[in-house]
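Q: What follows is the residue order along each chain.
Protein chains: 2
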Amino acid sequence: MKLDKNIQILIVGLGLIGGSYAMGFKRNGYLVSAIDTNAESISFALKNDLIDKGATEPDANLIKQADLCIFALYPHVITNWICENQHKFKSGAVLSDVTGVKSPIVYDIQNMLRPDLEFIAAHPMAGKEVYGVQNSDNAIFRDANYIVVPTDRNTFNAIEMCKAIGETLGFARISSLPPRAHDEMIGFVSQLTHIIAMCLMTCSKSEHLVDYTGDSFRDLTRIARINENMWSELFLLNKDALLTEIKAFSDELDQIYTMLKEEDADGLKEKMRLSTARRALFDKQ
Amino acid sequence: MKLDKNIQILIVGLGLIGGSYAMGFKRNGYLVSAIDTNAESISFALKNDLIDKGATEPDANLIKQADLCIFALYPHVITNWICENQHKFKSGAVLSDVTGVKSPIVYDIQNMLRPDLEFIAAHPMAGKEVYGVQNSDNAIFRDANYIVVPTDRNTFNAIEMCKAIGETLGFARISSLPPRAHDEMIGFVSQLTHIIAMCLMTCSKSEHLVDYTGDSFRDLTRIARINENMWSELFLLNKDALLTEIKAFSDELDQIYTMLKEEDADGLKEKMRLSTARRALFDKQ
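Which chain is which? The protein sequence lines are H and S, in order.
Residues 1 to 285 (this note's numbering) are what the first sequence spells out, left to right.
Residues 1001 to 1285 (this note's numbering) are what the second sequence spells out, left to right.
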């Protein structure tokens, strides 16, 4: 299901993801406006036809026209923004987001939201190693996962509308998880992997090894270029789940260390067979 | 510099790498023969024009004709093979290999070798997630590193000839390192990365997460499909260097764990900036 063609979409926060959402919606014929405190971002987006209207302040007119508003801001500013500006929305407007961690924000927002508005969380698992609206590219959604993260308070209609965002933007797979399960999953498949990539780059004088790195090392460290403000915030917001995942990985690494130290070839081979079998499941997809 | 067009090349061991070497040499017009105990591998290679002649035993005639002999066998069998068959080589023949670990084999071979033969070690850092001569493909060398691993006993001519193997096969970068430094480097950029990929697959019930894995997780686990016999042997042969690298990585991971636990955002950001800066050096290349 695609989004209704007649709705007006407002994007708050025009970075890489906000800009790529805008691009995706505009290319599908939607009316898109945006609010960002950075005047250059707004003028870039207007000039490059990513949006129809823009403002550098929480403009009451723009907000009032929106049927759907998507927050592509740093997590710590979304709740405040909504708190200060929710009176400007028209009744029935649906609010969503693109944040990488859910439990620490979704309940706060839902608890303080006007009863005639609805907040439904979503996580587009897409990105780039570069930032800013200037790098917007809705092609990053093409092979990516889009996860709707509903709570018990969300309505069927808002959940369906949220899925339709993912369909409209062309995500490869759309699924649904409650906040806690989402955060656990993300701690493993995204945050732990970024930490591993970082550690590979920082644990050794790897600048001298550039000449020798093959595909394996490059694959494992592609995501080691990391926006420190955004990711440190996401890590800290998901602290408990992430600590659990680091611990589980670290215990596994200790096991391999011990097997190697004790020259336990059979143990190593068994781990390798398990690893191979599990990874083969991925390649079937 | 390419190899002299008139030399005859013998490959001992026709797996993925032996077969891909054969394919690369044949397509460059060299006369190539091969020895492998598996009759199917030999007949496949003959039928698909990867080799001109083949044998399933250490045929004295084939061995006598070789100017250059490359061993693409499991490490533990190379030394024995050479010990038992070195009397069949013609004087002046050059022997090389493709083994991923060097110190534990190169000195043993050089110590027992006939004085009129020369063994010069090399490591093509290329591979695939599939095995066997049937998957031979010399395109795997195109973006890869080729490392010549000379000892103090190697002659200038043999070192140049060994580099010429890499040039002839079309490797992207050819460099040179002594055995110990090679093994340290490989412990970090190749073996540690394979262990990390394995641990990511084995530490969690990741089969349930297939639907949610994005590019990051797939990149970090591409090499988690691993030939357990070859890799357990390579890990154990490079045990000391590899234990050191696992320890260094593990200590770094512990640091991140502690920073996260103590909510040390500045510490995390500093690690992220270092990681980003080092990884950026790679992307310049």
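To be clear, the hints were calculated from the coordinates, so they are not data collected in a lab.
Keep in mind that a hint or two might mislead.
Below, simulated DMTMM-like cross-link-like pairs (lysine to aspartate or glutamate); rule was C-alpha separation at most 25 Å, straight line [to be verified]:
id: 1; chain 1: S; residue 1: 1239; chain 2: H; residue 2: 116
id: 2; chain 1: H; residue 1: 239; chain 2: S; residue 2: 1264
id: 3; chain 1: H; residue 1: 261; chain 2: S; residue 2: 1211
id: 4; chain 1: H; residue 1: 284; chain 2: S; residue 2: 1215
id: 5; chain 1: H; residue 1: 284; chain 2: S; residue 2: 1240
id: 6; chain 1: H; residue 1: 128; chain 2: S; residue 2: 1211
id: 7; chain 1: H; residue 1: 247; chain 2: S; residue 2: 1215
id: 8; chain 1: H; residue 1: 269; chain 2: S; residue 2: 1264
id: 9; chain 1: H; residue 1: 239; chain 2: S; residue 2: 1215
id: 10; chain 1: S; residue 1: 1247; chain 2: H; residue 2: 160
id: 11; chain 1: H; residue 1: 128; chain 2: S; residue 2: 1240
id: 12; chain 1: H; residue 1: 239; chain 2: S; residue 2: 1252
id: 13; chain 1: H; residue 1: 239; chain 2: S; residue 2: 1211
id: 14; chain 1: H; residue 1: 269; chain 2: S; residue 2: 1184
id: 15; chain 1: H; residue 1: 2; chain 2: S; residue 2: 1184
id: 16; chain 1: S; residue 1: 1261; chain 2: H; residue 2: 108
id: 17; chain 1: H; residue 1: 239; chain 2: S; residue 2: 1254
Restraint-style ranges between C-beta atoms, simulated for each label pair [said to hold, decoys possible]:
id: 18; chain 1: H; residue 1: 270; chain 2: S; residue 2: 1134; range: 41 to 47 Å
id: 19; chain 1: S; residue 1: 1230; chain 2: H; residue 2: 251; range: 23 to 29 Å
id: 20; chain 1: H; residue 1: 262; chain 2: S; residue 2: 1265; range: 27 to 33 Å
Computed, partial: chain H to chain S, Cβ under 7 Å [as the list claims (entries may be wrong)]:
id: 21; residue: 53
id: 22; residue: 193
id: 23; residue: 208
id: 24; residue: 212
Beta carbons are placed, not taken as given, at the ideal position from N, Cα and C, and that holds for glycine.
Q: So which of those numbered hints doesn't the model satisfy?
A: Hints 1, 3, 5, 8, 10, 11, 15, 18, 20, 21, 23 are the ones this structure does not satisfy, whereas the remaining hints hold.
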